[in-house]
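Participant: Protein chains in written order, with our numbering: chain A, 1 to 347; chain B, 1 to 273.
Hints are computed from structural coordinates only; laboratory data are not their basis.
Keep in mind that this is a model prediction, so the values were computed, not measured.
Built from N, CA and C at the ideal position, the CB exists for glycine as well.
Treat the hints loosely; a few may be bogus.
These stretches of chain A come out as covered by chain B in the derived footprint (C-beta under 8 angstroms, 3 or more residues) [to be verified]:
# : stretch
1 : 119 to 131
2 : 147 to 155
3 : 193 to 203
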Amino acid sequence: MSGSSRTPRIPSARGRGGIVGLFLIAAIAAGCRLLLGRGIDADGGATTVVGLPEAVLLEIRVSTILAAATAGAALGLSGLAFQTLLRNPLASPWVLGVSSGAGFGLMLAMWLARLGGGAAMVGGMLLAGAGIPASAIGALLAISIVWMLSRRLGGFDPVGLVLCGVVTSATFGAGIMLLQHLVPSGVRGDLVGWMMGRIPELAPRWLLAVAGGSVGLVTIIGWRASSMLDAASLGDDEARSIGVPLEAMRRWLLVLGGGLAAIAVVLVGPIAFVGLLAPHAGRRLTGAGHRGVVLGTVLAGASMLLVADAVRQVVDLGGGRLPVGVLTALVGGPAFLGLLLQGRGRA
Amino acid sequence: MVVLLGLLGLQALLVPLIGCADEPGPERTTGLGIASLSPAMTTIVRDLGAGDRLVGRTPWCRGVDDLPVVGALDGVDAEVLVGLRPGVVVHQPPAAGTDPVLLALRERVGFTIVGGRLDGSDDVIAAIDALSAAGIGDDSLVARHRTAMERVRSAAAESRDDARSVLVLFALDPFAAAGRETYLDEVVRAAGGRNVTTRPGWIELSVEEVVGLHPEVVLLVSSDVSAVDTLGAIPWTVPPAVVALDGAEALEPSTRMPDLVERVESLLAGAGM
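Based on the sequences and whatever the hints tell you, model everything.
Facilitator: In structure tokens, the structure reads:
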């Protein structure tokens, strides 16, 4: 890795400070979530409770914290991969159609399940565990299609990838609408619930282990390849001049970013803005070098989803807790706008 | 890297901790309370005389506004559900099947899950039986509602092909109709009408199709009174009688089905049937 000498092995003092700061924020957010929950008041109504709960509730909270932190980190890393790959600071994990693919997989399984016979059996298998196989296959199908289309277009250049992603997303979106047209109205509501995003309060252990392991693995890969990522950020010619294998790196970014997006969408659904904003928070607090940004993004993504989940425990507008996806969108929208305006101000 | 290893180590420590609760835990005391994750099931439970046992609801359940919300579109509120200590959770499973979180909570808390899809009188009768088997409901009310539901089922089965044609619309922009084999199709047949559509399920229709069906009566299931005016603007060959059925309950298969049949019967009679 010829670019290694250009980047210090250890993040700068600012980077280290940023990482420590983000780690503290993540730890505080996790601590708050551990202590914040929902209970029943003297009148029998639901209320926010503070404190360490009994064993069953403690297990629920620990599971929720792990799911939120892992999904947030996966979304952040995926967003960082796509922002680097596409050289676009406004790229998110969903830019290549992963969430549309997952949604299509779910809708297809729901439709199949109502057909009867062998189709219903296949649909039932795909819908096991609240649709984990269906959404995973749909998400991976979307990545595969983008991969194949990009290869047919001659490579993994940013513009071509975005175009492939837009086409894939739109096609799957059309497929979702077609299937929604074919299923009874009651089934449509199931997809709406999935689209709002949810942090599973008792996620399967294997899913948490796979997701956590994947996030850890990609973080290590990102850390090790940070010098190449730094060089690639400069431009194609500069990167090639110092020996960065640009095509291979882009293929890996697509696979790893897409894979993490798929894991996140299976775990928590298509939660918006975390994947877009976490890399920016990571960059802002740790500096421009990817060695710090990778870890900063992991911590920022985890913190964002942990904070969102903690906040929603205290926001009840009469219809129960606010769905986590609604909360991230409500906060993320203005934050995204702020980023855009800040970008214009600098230009 | 140290931080990363620390995070991974923490996850490795905590994931098995979750697993600990998979082991049979100490017996928990569950009460007689019923937590409902379905508005239709809430209605059935109340009609069976067990409304005072309800302890949790969805945001759309009627008549139980003072109860805490235990589940909405985005899933179950696990902590509230555990806090309520229900003996029974009633629900209508979504297309993806029973929520795995609910199943995991059942293992830990020990409540019974009762419910199934409610797509017609057969399903409502099955729900009444399941609730009764779970010790929910007053025996006389269970028998009364079961008999009433069986009467609806028989009446629907005896409907004649020469009965007057009814188009059941529940949305106008675009037109959405209750097709064959739906709950509202059964209601119309039990009320002495004949569903003019031939396709099964909930179907979308164009204006041309609506006109081409030549319904004698349009039964509009809507709380929007101005919707009747919209139907007046359609270039019908022979204008049908338009009757409006108000209320969200009309779209919810439950033990209110016999009342609904009576209301539709009276509306159709008023429309000259």
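Participant: If a hint holds in the structure, say so; if it doesn't, say that too.
Facilitator: Now for the hints, and whether the structure bears them out:
1. 119 to 131: Answer holds; 6 residues pass the 8 angstroms Cβ test.
2. 147 to 155: violated (count 0)
3. 193 to 203: Check passed, 7 qualifying residues.
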